[in-house]
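> Sequence:
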Amino acid sequence: MRLVIARCQVDYAGRLTAHLPMATRLLLVKADGSVSVHSDDRAYKPLNWMSPPCWLIEDGAVWTVQNKTGEKLVITIDELLHDSAHELGAEPGLVKDGVEAHLQELLAEHITELGDGYTLVRREFPTAIGPVDIMARDGEGKSVAVEIKRRGEIDGVEQLTRYLELLNRDPLLAPVQGVFAAQLIKPQAKTLAEDRGIRCLTLDYDALRGIESDEFRLF
Numbered sequence: 229m230r231l232v233i234a235r236c237q238v239d240y241a242g243r244l245t246a247h248l249p250m251a252t253r254l255l256l257v258k259a260d261g262s263v264s265v266h267s268d269d270r271a272y273k274p275l276n277w278m279s280p281p282c283w284l285i286e287d288g289a290v291w292t293v294q295n296k297t298g299e300k301l302v303i304t305i306d307e308l309l310h311d312s313a314h315e316l317g318a319e320p321g322l323v324k325d326g327v328e329a330h331l332q333e334l335l336a337e338h339i340t341e342l343g344d345g346y347t348l349v350r351r352e353f354p355t356a357i358g359p360v361d362i363m364a365r366d367g368e369g370k371s372v373a374v375e376i377k378r379r380g381e382i383d384g385v386e387q388l389t390r391y392l393e394l395l396n397r398d399p400l401l402a403p404v405q406g407v408f409a410a411q412l413i414k415p416q417a418k419t420l421a422e423d424r425g426i427r428c429l430t431l432d433y434d435a436l437r438g439i440e441s442d443e444f445r446l447f
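Just so you know, we're using our numbering here: the sequence shown kicks off at 229 and counts up by one.
I should point out that these hints are in silico values taken from the structure, not numbers from a laboratory. Treat the hints with care, since some could be wrong.
[Claimed, not checked] Quick list of in silico lysine-lysine cross-link-like pairs, DSSO-like style, CA-CA up to 30 Å:
| id | residue 1 | residue 2 |
| --- | --- | --- |
| 1 | 370 | 414 |
| 2 | 258 | 296 |
| 3 | 370 | 296 |
| 4 | 273 | 414 |
| 5 | 418 | 370 |
[Said to hold, decoys possible] Derived CB-CB ranges, DEER-like:
| id | residue 1 | residue 2 | range |
| --- | --- | --- | --- |
| 6 | 283 | 247 | 17 to 25 Å |
| 7 | 290 | 432 | 49 to 57 Å |
| 8 | 393 | 247 | 14 to 22 Å |
| 9 | 250 | 358 | 28 to 36 Å |
| 10 | 258 | 352 | 39 to 47 Å |
| 11 | 304 | 369 | 14 to 22 Å |
| 12 | 246 | 358 | 21 to 29 Å |
| 13 | 338 | 286 | 29 to 37 Å |
| 14 | 242 | 403 | 15 to 23 Å |
| 15 | 419 | 328 | 18 to 26 Å |
| 16 | 249 | 338 | 47 to 55 Å |
| 17 | 419 | 272 | 45 to 53 Å |
| 18 | 424 | 304 | 27 to 35 Å |
| 19 | 317 | 429 | 33 to 41 Å |
Glycine included, every Cβ here is placed at the ideal spot set by N, Cα and C.
Could you build the full structure based on these sequences and the hints that come with them?
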């Protein structure tokens, strides 16, 4: 991974245009070819990025990142403050919470919990930025990406949003709808998900395991 801190401006040209004025930012160039531009005011989401497959051309102070569809990310560097490369080695992957992993397995087994006519494509559907918990198709054959959490919070919605942005670039999958599934979904997360067109689904862990709830029983 290459880490560059620079005072720069960024211009994106593709399906739309975007401009980041001159400021000090972190540029990440990863081994998978992706390039992302970060500021210091958010936990993880970049200001702009180009996902692989893409290539970087450095011409002096101008970096041009382009993909096969002709989209371009042009980074103009005014002052280079830091430039270093690091070998991170093999990634062992995320070890999920036991309940969360079991929820994924159970929902895959009972995929019609998503709706009538739903079918499973696969669990841990691979993407360039990590695996989608479940990829399915609805009754009309349209692609549906499902992110599963034990407790649904805003960061889970952001994660699913990134997956959807990437998946919808694939003409073989698009349009891809999103479902955010959890045992408990916080109101703020639900509001954000619905604003982005993502459906929320509350999962009953015991019901998926075939255990009848005794919540309202006296005996």
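> Hints first: check each against the structure and report whether it holds.
Here is how each hint holds up against the structure:
At roughly 28 Å between alpha-carbon atoms, residue 370 and residue 414 fall within 30 Å of each other, so this suggested pair holds. For a cut-off of 30 Å, the pair hint linking residue 258 to residue 296 stands: about 18 Å separates their Cα positions. Taking the CA atoms of residue 370 and residue 296, the gap is near 25 Å; set against the 30 Å cutoff, the hint holds. A C-alpha spacing of about 20 Å is found between residue 273 and residue 414, which places the hinted pair at or below 30 Å, so the restraint holds.
Straight-line distance between C-alpha atoms of residue 418 and residue 370 comes to about 23 Å, which keeps the hinted pair within the 30 Å bound. A beta carbon spacing of about 22 Å between residue 283 and residue 247 agrees with the range 17 to 25 Å that was offered as a hint. Take residue 290 and residue 432: their Cβ atoms lie about 55 Å apart, and the range 49 to 57 Å holds. For the hinted restraint 14 to 22 Å between residue 393 and residue 247, the CB-CB distance of approximately 19 Å keeps it satisfied.
Look at residue 250 against residue 358: about 32 Å separates their beta carbons, and that is inside 28 to 36 Å. Roughly 21 Å separates the CB atoms of residue 258 and residue 352, a value that falls outside the hinted 39 to 47 Å. Separation of residue 304 from residue 369 is about 45 Å and departs from the stated range, judged on CB atoms against 14 to 22 Å. Range check, residue 246 to residue 358: Cβ separation about 24 Å, and the 21 to 29 Å hint holds.
For residue 338 and residue 286, the Cβ-Cβ distance of about 51 Å falls outside the hinted range of 29 to 37 Å, so the restraint is violated. In this structure, residue 242 and residue 403 meet the distance hint of 15 to 23 Å, their C-beta atoms being roughly 18 Å apart. Range check, residue 419 to residue 328: about 22 Å between beta-carbon atoms, so the 18 to 26 Å window is met. Between residue 249 and residue 338 the CB atoms are about 50 Å apart, so this pair conforms to the stated range of 47 to 55 Å.
Our hint of 45 to 53 Å for residue 419 and residue 272 is violated, since their Cβ atoms are close to 20 Å apart. Distance hint for residue 424 and residue 304: a CB-CB separation of about 31 Å, consistent with the stated range 27 to 35 Å. Hint check: residue 317 to residue 429, Cβ distance near 37 Å, so the stated range 33 to 41 Å holds.
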